[in-house]
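In order, the protein sequences belong to chains A and B. Note that the working numbering numbers the first sequence so that position 59 is 59, with each residue one more than the last. Note that the working numbering numbers the second sequence so that position 24 is 24, with each residue one more than the last.
Keep in mind the hints are simulated off the structure, nothing from the lab. Each residue gets a CB set at the ideal place from its N, CA and C atoms; glycine is no exception. Honestly, I wouldn't trust all of these hints.
Pair ranges (Cβ atoms, derived) [stated by the list, open to error]: (1) L144/A x D38/B: 25 to 31 Å; (2) D195/A x N41/B: 57 to 63 Å; (3) W119/A x N41/B: 25 to 31 Å.
Coverage of chain A stretches by chain B, computed from C-beta distances (three or more under 8 Å per stretch; other residues unrestricted) [said to hold, decoys possible]: (4) 32-44; (5) 114-124; (6) 127-139; (7) 145-157; (8) 232-240.
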Amino acid sequence: MTTGSLRAGTVPRASLEARPVFDWFFWFGVACVVGLYVRAMYFTPLDSLQGAAQKIYYIHVPSALGAYLAVSIAALMSIVYLWLHDERADRLAEASAEVGIVFLSVVLTTGPLWGHQIWGAYWVWWDMRLTLTLFLWFVVAAYLVLRGAIEDDAQRARYSAVLAILGALLIPFIHLSVYLFQARLHPMPVVLKPDKPSLPGEMLTTFLLGFAAFSVLCIALIRARYRMGVLRDLVGDRGLERADD
Amino acid sequence: MIDTTGTYHAGYAVATIVYVGYMISLWSRARRLRRQLDGQNDE
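Same shape as in the complex, but just chain A (with noise of 0.2 Å):
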C-alpha cells in the first residue's frame, strides 16, 4: 500500500506505507511498564522515612526521564528537518513532542501528589524545577497547537521544528535547578549525579527497572504514534488525489 503524491508546499513524498500502530513492540512496553508496577508495589522496600508514599519515586522520576528522551528526540528530528527537509523527520517529531506532553503530565501530577504528603504543599512556585516543568509542558502544548493551526505542510514543519528546539533547551535546565538555586523543595539527585548513587540496592534496581521500563515504553508510543501519523498523511494523500482527479 504505497502512495508518492505531492501536497502543496512539500518536498517530494517518499513512499508510504501503512503498518499496525500497535504491534508486538507496544505490547512488549506496556509489559515492561506492568512488570515494573509488581516490582515496585509487592517486591521493593518501603522507606523507612515516607513510607508508601515514597514509592511514585519509581515512577514519577522514570517519567520525567522518558519525557526527556521524547522531547530531546523531537529537537534532534527538527534539526534534521530543517537541515534535510525530510517530511518523515518532521512526523517522528509530532510523534515525539506528543508522547513527551504524556509523559510531562505524569510527571506533573504524580509530582504534587508526592510533594502535598512530604512537603505539606501541592505546589512552590519557586522551586524551579516544577516551574520550568510546567514552563516546558506549555511549550509542548503551544508546538502541538501551533500544528494544527498551520495549513501549509512546509511552513508548519519549519516554524513547529524551531519551537521544539527552543524547548528542549530547558531539559538541561530542569536537571541542573537544584544546583542552580538555593531555595528548592526538590531534593538533590540520588542517581543521575557525578557520584554513586545514594539508594540503597533494592530500590536502585527498581528504579533502573524503572527507568528501563518507561524508556521502552516511551519509544513504543513514539513508534506507534508514528505510524498513525503516516496512516493520517496516506488519507490525506488520498483525498488529494481524488480531488485532482
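Since the structure of chain A is already known, use the hints to place chain B on it.
Leaving out everything else, chain B in the frame of chain A:
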C-alpha cells in the same frame, strides 16, 4: 512510620489513567483513520 498508602495509590492510579487514556486515544484515532483508508480503497 506515617501511613502514606493513600497518596501512593493515588499516584499510581493517576499515572495509569494518563498512560492508558493516551493509548485509548491512539487506538481510537488509528481505527478511524484505518476505516477512512479502507473506505477510500473500496471506492
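Hints, verified against the model:
1. L144/A and D38/B have their C-beta atoms about 27 Å apart, which keeps the hinted 25 to 31 Å range intact.
2. Between D195/A and N41/B the beta carbon distance is about 59 Å. The supplied range of 57 to 63 Å therefore holds.
3. Hint check: W119/A to N41/B, Cβ distance near 56 Å, so the stated range 25 to 31 Å is violated.
4. Coverage of a stretch by a chain is defined here by at least three residues with a beta carbon nearer than 8 Å to that chain's beta carbons; for the stretch 32-44 of chain A and chain B the count is 3, and the condition holds.
5. Coverage of the stretch 114-124 of chain A by chain B holds in this model, with 3 residues showing a Cβ closer than 8 Å to a Cβ of that chain against a need of three.
6. Counting residues of the stretch 127-139 of chain A whose CB lies closer than 8 Å to any CB of chain B gives 0, which falls below the minimum of 3, so the coverage claim is violated.
7. As drawn, the stretch 145-157 of chain A meets chain B at 0 residues by the rule of a beta-carbon pair under 8 Å; below three, the given contact is violated.
8. With a cut-off of 8 Å between beta carbons, the stretch 232-240 of chain A has 5 residues touching chain B; three or more are needed, and the interface restraint holds.
The earlier numbered hints that this structure contradicts are 3, 6, 7.
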